[in-house]
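Turn these sequences into a full structure, and let the hints guide you.
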Amino acid sequence: MRSSISSFRERLRLPRLFFRRPSREEQIHGGPPLEFERPIPVAPWRGIAVVITIVVIAATTAWEIYCRSIGYGPTLNDNEDLWTLRRRAVTPESIVIIGDSRAWFDCDLDELQKGLGKRPIQLALAGSMTFPVLADLANDQSFHGTIICSFVPMLFFAPPGTPPAERAEKTVKRFHNQTPAQWASEYLAMSLEKHVAFLKPDDLSLEAYLNRLPIPNRPGAQVPPTFPPYFDVVDHERRARMWEKCAEPGSELAKRTQQIWIPLFTPPPPPSYIPKDVFMAKMKDGIEKRFADTVAAVDKIRARGGKIVFVRFPHTGGLKELEDKISPRQQNWDPLLQMTHAPGIYYSDFPELSGFNCPEWSHLSAGDSVEFTKRLVPHLREVLQM
Amino acid sequence: MLFNSLTFVVFFVAVVSLYWSIRSWKLRKNLLVAASYVFYGAWNPPFAALLFSTTAMDFWLGHQIGKAKDRHRKRRWLVASVCMNLSMLGFFKYGNFLLQNFQWLLARVGIIYQPPHLDILLPVGISFYTFHSLSYTLDIYRGVLQPTRSLRDFVLAVSFFPQLVAGPIVRAGDFLPQLQHPPRLKTNQFFWGLALMTLGLFEKIVLADTLLSGSADRVFGYPGPLVTLDSWAGVLAFAGQIFFDFAGYSITAIGAALTLGFHLKDNFRFPYAAIGFSDFWRRWHISLSTFLRDYLYIPLGGNQVRPFRAALNLVIVMFLGGLWHGAAWTFVVWGLLHGSYLVIERVLRIFFEQKPWAGTLPVRILCGFATYGAVCIAWVFFRASDFTIASRMLTGMFGGHPNGDAILTTRELLQIGIVTFGVIGLHWSMREESFETTVMRLPAWAITAIGSIMAFAIIFTQGTSNAFIYFQF
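Each protein sequence line maps, in turn, to chains Y and V.
Residue numbering for the first sequence follows the working numbering, starting at 15 and increasing by one per position.
Residue numbering for the second sequence follows the working numbering, starting at 2 and increasing by one per position.
Don't read these hints as lab results, they were simulated from the structure.
For clarity, every value in this text was computed on a predicted model and none was experimentally measured.
For glycine and all other residues, C-beta sits at the position ideal for the given N, C-alpha and C.
Check before you lean on any hint, since a few could be wrong.
As the list claims (entries may be wrong) - Example chain Y residues on the side facing chain V (calculated, C-beta under 10 Å, incomplete):
(1) Thr74
(2) Ile229
(3) Arg232
Structural data, given as structure tokens:
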């Protein structure tokens, strides 16, 4: 008579369709307790391996063809390891670009090299808070070069623990702690990313597809913000250029990206677990502390003979309206320059720097970034006395 | 070097190709030693010297224990080995923890002492390789192992790269005999090893990192109160994440060793189908639980002593097991909780084991789910970085925050639900047999389909080389 346990096991097994009964010979090898020599399941393993290899190569090739057919192309992924490679290239007298994605997209390294006599190193990080990188350069006793620092109030004053702060901190930490294995992996990854289009974890991975599933959420669920889709290409110097499809005037991608910026740049409501006045006071303290920390970092760099210039890069449309409304320049840009005694270039103060159109309201197209940089150089030379 | 990194793929292909193309067994072993040190040094080269020095010391001490004529001298050498290994572990892993607690104790008696913060970098996998090495001297002392004459063989036994940094904890006595004769390249064993590596990487990259870790991190990192659903979902996500992360590493290690002709024992055996906590520890991190059983629980008297003492032994073993995982009181509480579970189970067994209804199906299912639930509650302390978070989580789980926040999306809840039911269902369906038996029952086309899906899913997921959770231990 069968015991209840064995019949229970029978019921819980995977569908019978997939199973055959093990032969007597197989039963000798299988089943606990395992002896020292591991049992090897009897199966045509060589044939299975060959078929799996063919299937996976075919599926991967098909996936690559599909990704290219919808417009994706090979480009490097901008991650901590690529940033670390560029950070290592910083010499004591380097010109370094830091800040957010506007400095990343809008600065053309060739034009800056022509105008400033030295090729700058691109260390701006998309969607990041600037301070950790600034502080890292300030604490680097050997550095006494020049810093071009982009300023976007929402990112510059991002509180600790938020994604912009964590991204910058994680990246700086990687520079200090990168292992030889991570260094080698980055070189291997770069050699693949240069040729393979589907290697875009933010856009074409399983996780990215799961995130895009149109499943309605519970009322009140705190859904993480949506980030813009792929719209840039990056080279080994971390020079970002806007993807042509996004730069086309009125393109679908540009419109979609515009609508993603609005919630991202809108301050979130105070969390439910902190009273509103306490939260607002905390935010105010945080901003004051950031001002003070920035002043200290700038002073350190200056004391070693270094220079810094803050730059406000172009933004347009609904995003400009929103930014101007929630963080007017009188509240942050002007005090920043007053407190740090650093020079600043606000694009809208100069007619030749104004009038550029940002296709998705936040960044310049690849072509415009070259022209903008060309026009920016004389201002940089002037304020930096170069 | 991480298993889920491009560097490892290149490294592994190079090592395996070279290994099987060399005829001399000595040269092959030299290659494995060099490869293992490259594998380890790829994190932090100076720590490879630390690894070698502890290994060499234990090699020498093992000889001294073997040579010693009387029990007293043997014990002296063993104490030297234990002290050397544990002081190394203590300095690197528990230095700051001990100082902080010392400061706290002094403050209780009114002495204000500000200890310097030791800026100590924890060598990856130190808890694992210390145990690998320690098992050698312990087994020689116990008389179950003869000291090896070859330093190279012992160095390889401790540092063999598949198991070096996150287990399974392979005892020297299990590995050294495999270095006596060269293994032959067996096609089925080689491809089965690759299949296990694919499964392990799938568990890590797709299930742990992609489907579960984000939700667990969001819930445990949320600074406010959460509703019951989100609290439980976060804990279930972590329960799944830690299983797939650690079991994935172990399976990859076992597979990698098989491709080189070596056999490592199982480290997991469907733990979420455990009925009771002693059953759970026979299925979860088996290499650690058997290590603690053989080298700590039994020497303490095991269960061959009075019931109270046996219970105390269990609690002591689990307390130290908790502390082994990390230098924090949350890990200690996790260990003590498991110790208490084991004691309670033992008491319940005395009263109810002989009852006719005790072995019936509904009772077994109920006990299985009670075990899983209690294990999940213990995971809260394992994952939370402090007691404030742990207490907030537990309050949320038991309905203490009816007006708390709901932070997980429906998609995340679905992912957690599907993976949790999937893993529990699979564990229950296979709990009485081995994984190999289950695979043998599958027709070749099903193995091929599953293997292809897993391999393509790994490529499609494009992992980000997240470190395995157990590396920090």
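Each hint, compared with the structure:
For Thr74 of chain Y, the suggested interface contact is upheld, since its CB lies about 6 Å from the closest CB of chain V, less than 10 Å. The criterion of a C-beta within 10 Å of any C-beta in chain V is met by Ile229 of chain Y, whose closest approach is roughly 5 Å, and the hint holds. Taking 10 Å as the C-beta cut-off, the interface hint given for Arg232 of chain Y holds, the closest approach to chain V being about 6 Å.
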